[in-house]
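Please model the complete structure; the sequences and the hints are all you need to start from.
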Amino acid sequence: MTAPTTTDSEYDDTPAAPDEDGRAPASRYGVLALAVMVVVGLLLGYAGGLLTPRLTRPGDASVEAGFARDMTTHHAQAVEMSLIAYRSATLPEVRQIAVDIATGQQGEIGAMQTWLREWGLSPTGSKPPMSWMSDGASVKNGLMPGMATPQQMTALRDATGIEVDRQFLKLMYDHHLGGIHMIDAALDETDNAEVVRVAQTMKNTQQTELNNLRQLQAQAAKG
Amino acid sequence: MSISTPGGPERRPTVVSTGKKPAAGRPASGAKAGSGKPASSPRAGGKGPRKPVTPVKVSQGRAWGPIALFVAVGVLAAGIIGYGAWASFQGSKPWDKRANAIDGIVNIRKTDKASLEYESHKSGPLTYKYSPPVGGVHNAAWQNCMGDVYDAPIANEHAVHSLEHGAVWVTYRPDLPKDQVEKLAGKVRGVEKMLMSPYEGLDKPISLQAWGYQLKVDNADDSRIDEFIKDLRVNASVEGPTALCNTGITATGTTPRELPQQQQPAQQ
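Residue numbers (the numbering used here), protein chains in the order written: chain A, 318 to 540; chain B, 15 to 282.
These aren't lab readings, by the way, just hints derived from the structure by calculation. Nothing false has been slipped in among the hints.
In silico contact screen, one side only, chain B against chain A (beta carbon under 10 Å); selected entries:
#	residue
1	Pro-80
2	Leu-83
3	His-135
4	Ala-154
5	Trp-156
6	His-179
7	Val-252
8	Pro-255
9	Ala-257
10	Leu-258
11	Thr-261
12	Glu-272
No more than 30 Å apart at the CA atoms, straight line, and that leaves these computed lysine-lysine pairs for DSBU-like:
#	chain 1	residue 1	chain 2	residue 2
13	A	Lys-520	B	Lys-127
14	A	Lys-539	B	Lys-136
15	A	Lys-520	B	Lys-136
16	B	Lys-201	B	Lys-124
Restraint-style ranges between C-beta atoms, simulated for each label pair:
#	chain 1	residue 1	chain 2	residue 2	range
17	A	Ala-352	B	Phe-103	26 to 32 Å
18	A	Asp-491	B	Glu-272	26 to 32 Å
19	B	Glu-272	A	Asp-501	31 to 37 Å
Glycine included, C-beta positions come from ideal geometry on N, C-alpha and C.
As structure tokens, this is what we get:
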């Protein structure tokens with residue numbers, strides 16, 4: 318009976334009531350400890366879920382980042398060439414494939430730029446272009462594989478009539494060949510599912526377009 | 015814990031149990047009344063004899079309280095985790111898995127992949143293995159698929175190119191009742207990567223096509239129509255999500271057309 322009395326005196330603030338046989342406090346702490354453990358466990362799991370994608374995303378020097386940056390540059394020139402052809406080419410089929418390439422590749426630029434942003438990386442790398450590729454030696458005069466020289470771009474802009482079609486088809490054919498070379502390198506070296514998916518779509522599309530470009534070249538050669 | 019008239023002695027244990035297990039609620043009034051008084055009165059009161067009775071009751075309350083709390087927390091946690099896991103599992107299911115789960119869908123990508131392959135664009139009329147066609151070789155021009163609702167049949171050779179660009183092509187038998195047609199049109203009109211046209215000789219009233227997929231249904235109210243569109247529109251694109259649906263052929267007629275020479279000279 319002594320214990321209860323003691324409790325009574327403090328029951329207003331500390332309602333711990335050990336007027337039971339001492340098992341009460343013990344089980345109470347047990348419950349508390351379990352509850353804390355559950356909460357801590359949940360928090361740890363949540364933190365792990367938050368951090369994992371952050372720690373596993375591609376870094377600044379990764380193949381994925383290099384591909385996203387360089388393919389953006391590569392695509393950007395294809396978009397320019399295609400929009401010139403869409404505006405000025407003679408054959409309707411050439412204009413049609415040109416506008417398809419332009420919007421398709423512009424869309425892919427959007428996807429690749431979004432990757433970089435999501436990975437917390439800058440669109441500009443600190444290494445020279447193509448250094449992510451094992452055979453990075455393929456940069457010529459600062460141009461990636463298949464890219465048109467400034468002189469070729471000027472000539473395309475200045476061309477008129479069927480000459481636009483012919484120059485565009487030739488430039489875009491080479492451009493796609495170089496592009497596929499870069500895509501293959503990325504596919505070889507990445508296992509990032511999203512990068513693989515988009516790169517594979519790019520490759521399939523460009524391979525089909527190569528056939529169509531070649532067919533149109535024959536048509537344009539006739540005049 | 016029947017709180018009867020007896021003031022001090024009864025009240026005390028009640029409050030005690032409250033401290034332990036908050037949920038009770040019952041003590042509220044008692045606690046209020048007691049808050050000032052009991053501090054002194056219980057102590058003064060020689061409740062020695064009565065106590066053995068009350069603790070027993072209280073301890074029963076104590077036993078259930080933690081259990082209830084614990085179960086509640088446990089169930090809540092399991093529920094949250096379970097729902098999260100289920101939702102993310104469902105959400106992360108790839109579109110092709112979801113499409114394959116549609117009852118009655120035909121997946122030509124699986125059953126007849128070869129029929130979808132082609133070398134390059136081919137002009138003029140072409141023949142197709144499936145009716146309506148779901149892929150394969152096609153003309154250079156695509157049918158405009160910016161949510162266009164065509165009121166007459168269109169050329170397969172253009173529509174297949176639209177499928178390649180990720181469009182869902184809704185076709186219906188010309189004898190489909192007007193209100194059904196209108197219901198279908200409501201799912202198409204104004205939505206890019208969608209097109210719709212009547213189709214002669216369908217074996218079912220309605221047939222939906224995406225590149226490599228087909229679903230035939232009897233009724234515009236069939237919920238699988240929305241499933242098909244949800245899972246395959248854009249996703250089925252061979253050339254990624256931004257392949258064009260505009261600048262295509264907007265004329266009807268089942269004979270494929272050459273691309274118009276249009277105002278090309280004027281632009282130069």
